[in-house]
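The task is simple: from the sequences and hints, build the whole structure.
2 protein chains.
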Amino acid sequence: MTGSAGPAGLVSVVGIGPGEAGTCTPDVVERVRRATDLVGYAPYLDMVTAAAGAPPGAARHASGNRGEADRARHALDLAAAGGRVAVVSSGDPGVFAMAAVVMEQLDADAGAPVPRWAAVEVEVLAGVTAAQAAAARVGAPLGHDFCVVSLSDNLKPWPVIERRLAAAAGADFVIALYNPVSRHRPWQLARAAELLAANRIPSTPVVVARDVGRPGATVRVVPLGELAGAQVDMRTVLVVGSSTTRCFTRPCGDVHVYTPRTYPGAPC
Amino acid sequence: MTGSAGPAGLVSVVGIGPGEAGTCTPDVVERVRRATDLVGYAPYLDMVTAAAGAPPGAARHASGNRGEADRARHALDLAAAGGRVAVVSSGDPGVFAMAAVVMEQLDADAGAPVPRWAAVEVEVLAGVTAAQAAAARVGAPLGHDFCVVSLSDNLKPWPVIERRLAAAAGADFVIALYNPVSRHRPWQLARAAELLAANRIPSTPVVVARDVGRPGATVRVVPLGELAGAQVDMRTVLVVGSSTTRCFTRPCGDVHVYTPRTYPGAPC
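Sequence order for the protein chains is A and B. Just so we're aligned, residue 1 is where the first sequence starts under the working numbering, counting upward by one. Just so we're aligned, residue 1001 is where the second sequence starts under the working numbering, counting upward by one.
Be aware that a few hints might be false.
[Unchecked claim] Going by beta-carbon spacing under 8 Å, a handful of chain A positions derived as facing chain B:
#1 95
#2 106
#3 115
#4 125
#5 136
#6 148
#7 155
#8 156
#9 259
#10 266
These are computed hints drawn from the structure, not numbers from a lab. Don't be surprised by glycine CBs; every beta carbon is placed ideally from N, CA and C.
This is how it looks when you write it as structure tokens:
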């Protein structure tokens, strides 16, 4: 990921974490403050501006939630013209976000007869992703082996999702679900819950976290048997427990969920 | 996770990220700087002291790599006596680390006739975990559905690990492997590679990342067919590609690995 000090610039694909300034890494803040151009979904640009401090004079290239490939190409073009470009994702840009999109464009370019972005330096800076933030709020549900699955079938066939859910449930993984509900496919969550219920008891705790790390955040714990009817939207991330995940209430009333590091039958 | 302003103190289970100051969140730095007691594995205490600045006057309770339950109880006792205790993990404390251990102790305490730590406030602060840091260094291998599995059979039976690897490979997940080699079980990685190879072609890219975010970090990409013979130790994290994960070399020589967000057969 080293680059030469040529006329071409830099694309930093950065993750701002869940949203609050306290969870955005200093490296990401530094890249945003030094940027000549900020590229991203408008609400994320608002968040990073609040979290990192508005870079004076930086151009803001806000876009809608779709059109990620165009956004990546635009960022690379800005850097090819000498810009220091921050491509902003919430959470971790490497998890269901812009880093893969930028890489896909670079891959195509590297194979082109005349690469367009050969001199552009590109880096990815990780951040805390939504499942981690949700887990931290409630305890440690991801404390043992886990899977991360997007329920959105915009970019993959639904049968692939079903196969993954069934495999993950059958092998007793904790399962974090991103994009649990789509406006156009309201039946997906109920179907997912059905698949999971084939390998989990109805009392299995499910963490339902909405807007964690942002104003108005809510974190609830519901039993798997009631998940299909739970209030869930696209800004919610779910963490479905494994057979060993436990839920308890402290004397102060705090509810915690965790998955012990030790699995039954362990040698020690 | 709210607490009352009583005489009892606070346990903050914090993750310092991969190790460099630039990847440790401001919230974690703040908790460490305000701590009266730092509890953790000695090398992590060294790292957080370097990353966050040594808290003047804080007591340092360094321990070996084992004995996590004792460490958690010690931290809770210090807080019950009024301390502001930071329990320090590298990466994310919620991923194969101290948060689950602290929760397990709290769970047992909540069920005790006379809870010992009822008044202690407990919080978990997430950090960037090793797989994310490794992924960012090389591109975006975790850009699509993925699993995180520890290959250590200290705390779980080896057959559980085999079942999870086979399920994850069969359902075409990207797979991040923590603790890939144990001193006492040198055959584990080769067996894991064999299980994965049943569902992946030998050229599948595997990211081999050691000490990412620390001095002397190395990140290599090897084909799955050569993984069993690769130099791997306990400070290494692996990311094994799915059937769609791609590897390419940029004109500048940088090697990148990514998993496209779009899966073959997607509706759009």
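Each hint tested on the structure:
{"no.": "1", "hint": "95", "in the structure": "6 Å, holds"}
{"no.": "2", "hint": "106", "in the structure": "6 Å, holds"}
{"no.": "3", "hint": "115", "in the structure": "5 Å, holds"}
{"no.": "4", "hint": "125", "in the structure": "6 Å, holds"}
{"no.": "5", "hint": "136", "in the structure": "4 Å, holds"}
{"no.": "6", "hint": "148", "in the structure": "5 Å, holds"}
{"no.": "7", "hint": "155", "in the structure": "5 Å, holds"}
{"no.": "8", "hint": "156", "in the structure": "3 Å, holds"}
{"no.": "9", "hint": "259", "in the structure": "6 Å, holds"}
{"no.": "10", "hint": "266", "in the structure": "5 Å, holds"}
Checked against the numbered hints given earlier, this structure breaks none of them.
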